[in-house]
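Turn these sequences into a full structure, and let the hints guide you.
Letter by letter, the chains look like this.
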Amino acid sequence: MANEPLVALEVGTTRIRALVGELREGMLAVIGLGESESAGIRKSDVVDMDHAVTALRTAMEAAEERSNVTIYAVHLAVSGGHVRAEVNRGTVHVTRKDGEITEKEIEAAREAARSGTVGPDEEPVHTLHQRFYVDGVAVMDPLHMTGNRLEEDALIIRTGINPVVNLIKVVETSPVDVEDVAFSGLCAGYGVLTPEQKYNGALVIDLGGGTTSYVVYADQMIAHAGAFGVGGDHVTNDIAFALNLPQAQAERLKRRHGAAVVTQETRKLTATLPPEGGFAGRTVRKVELDVVINARMDELFRLIRLEVERQGCLVKLGAGVVLTGGGARLGGVADLARSVFGLPCSVGEPSGLSGVTSIVRGPEYAAVVGLLKYAYQNQKQSSGGRLRPSDLLGTLFGGIRRRGGRR
Amino acid sequence: MSDGQRILLCGVGGGGCAMLGSIAAGWDHAPDCAAVHSDVAELSAAGVERTVLLGGTVRLGVSAGGDAERGQRLAEASETELRALVEGRDLVILVVALGGGTGSGAAPFLARMARQSGALTLCFCATPLRFEGLQRQANADQALHALRAAADAVVVFPNERLAEWFGGRTAVAEAFERINQIIGRHVRAVWNVLRHPGLLRTDLMDLRRMIERGSGVLSVGYGEGEGDQRAEQAVEALVASPLLEGGMVLAVSGGLLACIVGGPDLRLDEMERVAEALRGRMRPDAEFQLGAAISPAYAGRLAVTLLAVEHLAPAEAAPAPEPEAAAPAGGPRPLGRPSRPRRPRTPQQPELPLQELQRGRFTNVTPTLYEGEDLDTPTFRRRKIDLAAL
Chain A
1 MANEPLVALE
11 VGTTRIRALV
21 GELREGMLAV
31 IGLGESESAG
41 IRKSDVVDMD
51 HAVTALRTAM
61 EAAEERSNVT
71 IYAVHLAVSG
81 GHVRAEVNRG
91 TVHVTRKDGE
101 ITEKEIEAAR
111 EAARSGTVGP
121 DEEPVHTLHQ
131 RFYVDGVAVM
141 DPLHMTGNRL
151 EEDALIIRTG
161 INPVVNLIKV
171 VETSPVDVED
181 VAFSGLCAGY
191 GVLTPEQKYN
201 GALVIDLGGG
211 TTSYVVYADQ
221 MIAHAGAFGV
231 GGDHVTNDIA
241 FALNLPQAQA
251 ERLKRRHGAA
261 VVTQETRKLT
271 ATLPPEGGFA
281 GRTVRKVELD
291 VVINARMDEL
301 FRLIRLEVER
311 QGCLVKLGAG
321 VVLTGGGARL
331 GGVADLARSV
341 FGLPCSVGEP
351 SGLSGVTSIV
361 RGPEYAAVVG
371 LLKYAYQNQK
381 QSSGGRLRPS
391 DLLGTLFGGI
401 RRRGGRR
Chain B
1 MSDGQRILLC
11 GVGGGGCAML
21 GSIAAGWDHA
31 PDCAAVHSDV
41 AELSAAGVER
51 TVLLGGTVRL
61 GVSAGGDAER
71 GQRLAEASET
81 ELRALVEGRD
91 LVILVVALGG
101 GTGSGAAPFL
111 ARMARQSGAL
121 TLCFCATPLR
131 FEGLQRQANA
141 DQALHALRAA
151 ADAVVVFPNE
161 RLAEWFGGRT
171 AVAEAFERIN
181 QIIGRHVRAV
191 WNVLRHPGLL
201 RTDLMDLRRM
211 IERGSGVLSV
221 GYGEGEGDQR
231 AEQAVEALVA
241 SPLLEGGMVL
251 AVSGGLLACI
261 VGGPDLRLDE
271 MERVAEALRG
281 RMRPDAEFQL
291 GAAISPAYAG
301 RLAVTLLAVE
311 HLAPAEAAPA
321 PEPEAAAPAG
331 GPRPLGRPSR
341 PRRPRTPQQP
351 ELPLQELQRG
361 RFTNVTPTLY
371 EGEDLDTPTF
381 RRRKIDLAAL
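Chains as they are written, first to last, in the working numbering: chain A, 1 to 407; chain B, 1 to 390.
Here are the in silico distance ranges between beta carbons for each label pair:
hint : chain 1 : residue 1 : chain 2 : residue 2 : range
1    : B       : Glu174    : A       : Gln264    : 30 to 38 Å
2    : A       : Arg89     : B       : Val172    : 45 to 53 Å
3    : A       : Ile359    : B       : Arg383    : 34 to 42 Å
4    : A       : Gln264    : B       : Arg359    : 33 to 41 Å
5    : B       : Ala313    : A       : Ser115    : 53 to 61 Å
6    : A       : Asp121    : B       : Gln289    : 53 to 61 Å
7    : A       : Ser115    : B       : Leu390    : 49 to 57 Å
8    : B       : Leu390    : A       : Arg255    : 18 to 26 Å
9    : B       : Pro367    : A       : Thr70     : 38 to 46 Å
10   : B       : Arg359    : A       : Pro344    : 33 to 41 Å
11   : A       : Gln264    : B       : Thr170    : 29 to 37 Å
Below, in silico cross-link-like pairs of lysine-lysine (DSS-like), each with a Cα-Cα straight-line distance of 30 Å or less:
hint : chain 1 : residue 1 : chain 2 : residue 2
12   : A       : Lys373    : A       : Lys316
13   : A       : Lys373    : A       : Lys104
14   : A       : Lys380    : A       : Lys169
15   : A       : Lys373    : A       : Lys198
16   : B       : Lys384    : A       : Lys254
17   : B       : Lys384    : A       : Lys268
Hints listed in this document are in silico derivations from the structure and should not be mistaken for laboratory results.
Nothing here was measured: the structure is a model prediction, and the numbers come from that model.
We put the CB at the ideal spot given by N, CA and C, even for glycine.
As structure tokens, this is what we get:
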């Protein structure tokens, strides 16, 4: 597989991003990015197919132009409040006479871990290996070991079927094939975490417009992940109600003047929106704006904290919390997270790529960069590696393969 | 009937009678008061002369035992007496605690009767505290639904919110008494708006017109001030009143009626300051009426009462008043009674009015629910943050 480009596509509620990369001198290099305002998407779900397709085409055409390639297939990031993650243990009894554990047993254990926890409207997207046990004892690599029983703990990340199918339809209508699907929270982690952070334990929170996704690294593995159907749109909506503003103006106000923490200084300040179109302009007290934002972000962080605590992971986050996504640009958001989680907190920057990296600077690019890296890893390993870092989707999405270009 | 008799303040059911007792206590110029209940003992505890013991020939004199249907049947059995109570009135204010049997069952029946006889019918209702249990809450919800269709407007006092106002460590009896006092203050405040002859007269007609164009829910706020800054103080206190959701109600209401009551020392600039302060918190397109009245009892003080409706239907031409066939001959009619359009009002949503919320940009999107809470509702609202008080 020579220099075929890899394309990572993120179809969010606020923005659509298509990132094109290729292999150069043994490294993954960014060659172009296409972005557009999203449309027809609410809380990461498709609510208007036509608008979404139109917006997607804008981003894809821009990506093709900037990178000078034709895009036939993409890797797609998905998220939404329907994403669930659970650790499942698959058990297999070694039936060979000599009791040796071969690749067959390892496959079977993985399959057993994958199935079982998934509901009727759900599909597993990732099966993330955590640990192997041979006769109850944790081992790194059971291949060729002897034992009676092989078990694998895996974190299964699953999504609702309908939202993902609809999103795939939008992409295929544009028309482009979907090679693979990945959870954007996981991608955000891949995009910004260093190996040290992964080793020491970290919580990555991707603050999107429609959804907030997160992934937890603890005990040197991916310990937990999830998503809430709450995002930047909720902050805007809260502001619109609190200050009696139209949605678009509330968004403007949030971006220009909003902050997630309130200080003594805040009480003395006002924030002014100049007139625009049919809007006469308005001056508000900054303390009202920031208190509304603070309430929403505080609640969101606390919900995530609760989930992480329930999994027993909060105490294992040596590297603290990393914030990504457009929402990480909100003033004071790292301070707020610091106080809610009681841990060090920083805003993540994408890393680990070469090429035109200047175009993907900023926390909002974490997921799409991570997705590109992830796609690249898959490609490297798909030729024979037995421990795939993720699953290609099961039978439902199994028809998704390279079908050859068609434009 | 004399001026005072055209207005009736009526406590219905056990809670209502107790509230009435609090409201009427020491009130010098109270309107006509009456208590309506099925339990003899609680009825006399209201401390008013005029009472109706529900039950007709089935007069057991005991409570309806938490059964609203039974409460309604008891009321129906006393139809004649109840009709005599509300007939010929211009304004009937019912006070009731929802969740039990008599109040929840009889109040809608009585409200409908009062409205049909031509009176502007307002219902001040208290809803149960959370610990009182799901059954009472369900009863209260149902009764509220019925009342919104039966009365012209309801003013809801969620006891749970009021209790939060003074904290969980209050002794139970004291908490209920304080809640009753808060409700009492609001009822008296509304009465003040209507009763005091004044400089700028807002009267029953103005209130009636606003309510008829509203959606059946009325919010009431009340605040008082003393000293140099009493105008500003009164408005601050008003905005902080428990039913105004920290000023939220002012910011979203389409129709507002405010009345300033002061002593002989009330100044013109103070009235202007009150009006300014209120206007600054309202929607630019809200319809706002301001009344003022002087009362010797208010020397040194300034009080502001606010009545607000959220959604105001566009004004239609008022129907021409028909001669009232049953009008008492020769009697003065200072409060006016044109024939009223009999517009049956079906509430659009059965939820408690204070929980109704447009979903903003999440209209037609599946709600995000977490452990029973709708996360799409603004957090600052669910946390009851008072923005104006910041």
